[in-house]
Amino acid sequence: METIAVYWEPQIKTYGIQVRTRLRLISLHLQTGAIPGHQLDFPAEAVRKDHRLMLVTGHIQADGCFHISMLFTGAGAAPVKDLLIPCQLEPANFNITAPVELIFFQGPHYADRYGIADAALYALESKQIDLLAAACSGSAIYLVLPEGKAQHARSALNDIFVVPLK
Amino acid sequence: MKLPIDGLKIYNSLALIFLRNDLCAHIREAFHRLARQRINVNMLTLTATGGRWVGAGCISLCDLDRARAVLPESVRQSDIIYPVGMLTVFPHKSRTRLFFQLISAFYERRLALYATASATSTLSFIMDGHRLEQAAQLVQTIAELPSHHTPFTSRLHVRQL
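Keeping their order, the protein sequence lines are chains A and B. Going by our numbering, the first residue of the first sequence is number 1, and it counts up by one from there. Going by our numbering, the first residue of the second sequence is number 1, and it counts up by one from there.
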């Protein structure tokens, strides 16, 4: 069954733009075909040490490795690097960027509408704000930014996306 | 013991476009062109380093011909795979644990995983379209669905004018 829909609004509505700061972005390069069990200890150990996963995103790369980016909270908790040591990951296979910031938002029917990712990326580009990582899934947009950029990005996004007044 | 989840959905007939180390400006232009063609990007994952982006974006298979016409030259034929599908899980708790258990299980069963992204209450996986049902069965060996679960595949397809 197919439904034809037209979404149009003069300014794209959002339910609200949220910011999180003091986060850690961890990139893992995993060999596809087999993930050693000890590498999978990492997330369990991270959660046990009070790091909360804010975002996970990944894709297969041209070299066949699977690249995973994970964004964790955990300011004041055990350093993430300590968590990686028991996992025996080679230093070349992971990278930690910290602190970083996250801006994320959702909106009505974003999953079914064109132009949402374009509008978000345009907002950042127009203010020359660099992006470390991004994920759009379902009705949510997540943008990972260098330290000190989230408020600037919120301002840029507010030029494009609007929270309707009650 | 299985991890409780709130639901599972599968979406078929998608195409995945890989973005390989391209200039941010080129990729931005590609998204702008897709938007002008009214092509929805169902899922997107991007990582940026040194002014270049790598990642993947998913579109409906019925939009692929129009997308090909506007994508930058840097996107080669081999950077587009189809048909792929999206398996979306709605974790109840233990999102991190579930994520790693699932990708491990997919690899053990040689179910190719091309891209993944989380959202507030979901984990989504892009896989071969013809193996989605098998992946959904595998998820049920790890996770417990609610007894009143609705069918995995939506009968409603929204298409924009």
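Calculated directly from the structure, the hints in this document are not laboratory data. Be aware that one or more of the hints could be misleading.
So, partial list: chain A residues that the calculated Cβ filter (under 7 Å) puts toward chain B [claimed, not checked]:
1. A117
2. A123
3. Q128
4. C136
Ideal Cβ placement from N, Cα and C applies to all residues, glycine included.
Comparing the hints with the structure gives:
no.	hint	verdict
1	A117	5 Å, holds
2	A123	11 Å, violated
3	Q128	11 Å, violated
4	C136	4 Å, holds
Of the numbered hints given earlier, the model fails hints 2, 3; all others are met.
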